[in-house]
Amino acid sequence: MTRFLVRRVVAAVPLLLVVSAATFLLVALVPGDAARSIAGRNATPEQVAQVRTELGLDRPVWTQYIDWLGSAINGDLGTSLINQQAVTEQLNARLGATMSLIIGATVVAAVVGVTLGVLGARGGWLGRTVDAASLIGFAVPTFWLALVLVVLLAVKVAAFPALGYTPLGQSPSQWMASLFLPVVTLAVPATASVAKVTRDAVSDAMQRPFVRTLRAAGVPERAIIARHALKNAAVPILTIVGLTFIGALTGAVLIEQIFALPGLGGTAVTATAAGDLPLIQGVVIYFTVIVIAVNLLVDLAYAFFNPRVRVS
Amino acid sequence: MLQGPSAEHWLGTDTLGRDVLSRMLYGISPTASGAAQALIVFLALGIPLGVIAGYRGGLADQVISRVADLALSIPPIIIVLVVIVVSAGRPVAAMASLGVLGAPGLIRVVRAASAAVRDELFVTAAKVSGVSQLRIMRTHVLRRIRGPVVVQASLFGGVALLFQAGLSFLGLLDPDRPTWGAIMGEASTVITQSQWLLIPPGVAITLTVLALGFLGDAVRDASADTDAVATAKASREAASPRTSTATSAALPDPSDYVLSVRELHVHTTSGVPLITDISFDLAAGETVGLVGESGCGKSITALAVLGLTPGGIRIAGGGVYFDGTDLVAGGEAAYRRIRGSGLGYISQDPMAALDPVHTVGSHLNEVLKLRGVGSSAARRERALELLSQVHIADPQRVLKSYPHQISGGMAQRISIAIALAGRPRVLVADEPTTALDVTVQSEILSLLHELQETTGLALLLITHDWGVVADICDRAVVMYAGDVVEVAPAHTVFTAPTHPYTAALLAADPSIEHSGRLPTLPGRVPAPGLWPQGCRFAARCRLATEACSEARVPLIKTSEALSRCLHTDLLKLEKRA
Ligand code: SF4
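Protein chains in written order, with full-length UniProt numbering: chain A, 1 to 312; chain B, 1 to 577.
No lab work stands behind these hints: they were computed from the structure.
One or more of the hints may lead you astray.
Under the rule of at most 27 Å between Cα atoms (straight-line distance), these lysine-lysine pairs were calculated in the DSS-like manner [what the hints assert, rightly or not]:
#1 B/K572 - B/K557
#2 B/K400 - B/K369
#3 A/K231 - B/K369
#4 B/K400 - A/K231
Negatives, chain B to chain A, calculated, CB over 10 Å [to be verified]:
#5 L81
#6 R118
#7 R135
#8 V149
#9 E186
#10 T192
#11 L210
#12 Y345
#13 D349
#14 S446
#15 D474
#16 G529
#17 R542
#18 T558
#19 K572
Quick caveat: nothing in here was measured; it's all calculated off a predicted structure.
Backbone N, C-alpha and C fix where the C-beta goes; we use that ideal spot for every residue, glycine too.
Between the sequences and the hints, there should be enough to build the whole structure, so can you do that?
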């Protein structure tokens, strides 16, 4: 098992290299550059050129990349162009809010989604309801849902704070309260996809021949679903939960903005608006590492549920 | 300025007093074109790369799949944000990059579909006939991937729309263009004064994505097998036993037998009959073979006996009597009491009959628990006992094995052990040896025979194979096109068949003495729903007369057998001649 882990972590290194290099390459390939956006829309070509030299953006892309890579290996992702703060420092401070939000939403989506999916797999009106609900859950824009929830639960009823974030270390109860609306918002589309995939995967498993063996041996329907169909459906379900987590990263960018959560997504948006490339590059690296970690966990979980993977 | 809906402004006005409805309509074009740009890139990359990877295979496949896997682990938002920075907020660049990042998902789907096509015979045939590779791709491959591509495209269209709306909402995409997302962004700034403005863009986006989703689902459902979708519940609806005119009087009392099937009718939920008026009996310790070509309704009969007809198929009438009690009339509850404890079942494909993610021991443990074997130590002991009863040499090790670690023959022995766990009195075996090697086949048959002698088990054996009938059956029930056409003792059916179908089957195989397989006859079994009114065998029968096609032929008693034929005498004469 340790061998497997080490191998997977080592395999992740090229991915990080590729992603960071791709980001640099994009800068070189796509028309327009950060210097122009930093200098502002009305800047003269001379001003832009000056900014470019100051930032070292006039050097060849690969020298810039090697430079960046050299410091990155030492844990230094550079400094923000806008506020001169170290990128890692700035991002570490914001990791907590994002992780709380995303993990919370994924857990809610996994629990609620699998439950709904299993209920839906039994067919009938419940199945159709789950189908319809998951379609709607997928179609509703999260940022809109966020606004509607804010209007209903924070402005009208004042049950939850509309904005802001309390760190866990400060007050667990307020931490929960400050995360409630963002987590619910983010969990809705995620729950929809998990429910849909679970329903399909469990229904598929219920069509497999071994189900007939079990029924013929007198095993009750409930036990067949819980012990057999669900376990056989584990691989697609885990896959979608993993994808949901990655999708929640995207959702977080919007949600953090709406709820004024001090997270990575919010940083990404402000950095994007300001054209702060080192900061964005930092967010890219953070996001990619998170994704790699999640994929690793999903792989481990596959091995847990599927004996064939375990043996080989 | 801000106004709710009125006769003049159907959707009200915004902060600048502009009509919301006209802004929404004006917003359709930039909103849709943003999603369309992403979609075009998505398709333009995904389809060709997927087809190449799946259809060509080899190195191209490896490179494309690796890169696609890599790209799938990058959260798209972050790359799109980078693109927005470097392109100074140009919407085309942002949406195109979303298309690029979404393409790997499509590549995977298209790759799988094209690889399936490649492996199919018609492409091999087309290659041989010299059709160019390009044309194969265009005709066969594209036809096959059309369905999945439409589904993926509709889903991705929705994703792109939501993505575009989200970015415009944040004001990152050319804020001057009134996309639906931008309209919502404006609405959110005045949320404390008016909540109404949130409604039109939110509902518009939701409905559009929903419409795309429905489109995808409709396409998927159109291509899916409708039978598989139907729920198993249908089969459990209590069927009203229908009395039939033909044969009641001639049949013995069900309470004399451990299992009696009486005038059983099974239909699809849409009303097409699959088996009609099936009656036969099984005495304790007896072996009855259910014989016929495939498509005659043997397996459906076996499943109906267990109350396990697949989704979309239900018992429409008649009875299944276990120890004199009608299970059909008793409904699912009656079946549930008998399955496992009174009736056991083993299937055609032993490997598929076991749950791949549970060990053999876990299967047996679960079933024994249901039978009230209390402690786990007792269950383990009984499991080992069952495994040795089916002659498994190394039961300790096998208990810990997963189904993929054992052979087909061993899997069938384990299926038998699972079926025996509840000490049933009847075992329904649906072609239990078809999927196995010849040597293993005879081992399984002799095991069944042995178990029968030691436990007094009655066996209902569905088979293609006359050799099996000759070896272990006491009686044969011959089925044709959903009908029982002959019921005869095994020792007379070979020498003096009383139905032309039985005779033709036997005659078509000269090596019948040496346990030959059931031969194929000229012509085909008519499909359910296309059965003639009179004798269903008439089209293939040498002895057919006009009378045969006039009305339904009843089961007629001869000296030793029952036969659904008007001219049994002619058959006897022919035999003698
Ligand atoms: S009833 Fe007529 S057609 Fe049918 S099997 Fe007998 S002889 Fe042939």
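Outcome of the hint check:
Restraint check for B/K572 and B/K557: the C-alpha separation of about 14 Å stays at or below 27 Å, so the hint holds. For a cut-off of 27 Å, the pair hint linking B/K400 to B/K369 stands: about 18 Å separates their Cα positions. Using a Cα cut-off of 27 Å, the hinted pair A/K231 and B/K369 holds, with the two alpha carbons roughly 19 Å apart. Distance check on the hinted pair: B/K400 and A/K231 sit about 18 Å apart at the alpha-carbon level, within 27 Å; holds.
Residue-level check failed: B/L81 sits 4 Å from the nearest beta carbon of chain A, not beyond 10 Å. The claim that B/R118 lies off the interface holds: its Cβ sits roughly 24 Å from the closest Cβ of chain A, which is beyond the 10 Å cut-off. With a minimum CB-CB distance of about 35 Å to chain A, B/R135 clears the 10 Å threshold, and the non-interface call stands. Once the 10 Å rule is applied to beta carbons, B/V149 is consistent with being away from chain A; the minimum gap is 19 Å.
Against the 10 Å criterion, B/E186 stays outside the reach of chain A, whose nearest CB is about 12 Å from its own CB. Remark: the non-interface label on B/T192 conflicts with the geometry, its nearest Cβ contact in chain A lying 7 Å away (cut-off 10 Å). At roughly 4 Å from the closest C-beta of chain A, the C-beta of B/L210 falls inside 10 Å, breaking its exclusion from the interface. Against chain A, the non-interface label of B/Y345 is violated: not every CB pair exceeds 10 Å, the least being about 3 Å.
Not every CB of chain A is more than 10 Å from the CB of B/D349 (nearest about 6 Å), against its label as outside the interface. With a least beta-carbon separation of about 22 Å from chain A, B/S446 lies farther than 10 Å from that chain, consistent with its non-interface assignment. Remark: the non-interface label on B/D474 is consistent with the geometry, its nearest Cβ contact in chain A lying 23 Å away (cut-off 10 Å). The claim that B/G529 lies off the interface holds: its Cβ sits roughly 23 Å from the closest Cβ of chain A, which is beyond the 10 Å cut-off.
With a least CB separation of 39 Å from chain A, B/R542 remains clear of the 10 Å interface cut-off, as annotated. No beta-carbon of chain A is positioned within 10 Å of the beta-carbon of B/T558; the least distance is around 35 Å. The claim that B/K572 is not at the interface with chain A holds, since no C-beta of that chain comes within 10 Å of its own (minimum 41 Å).
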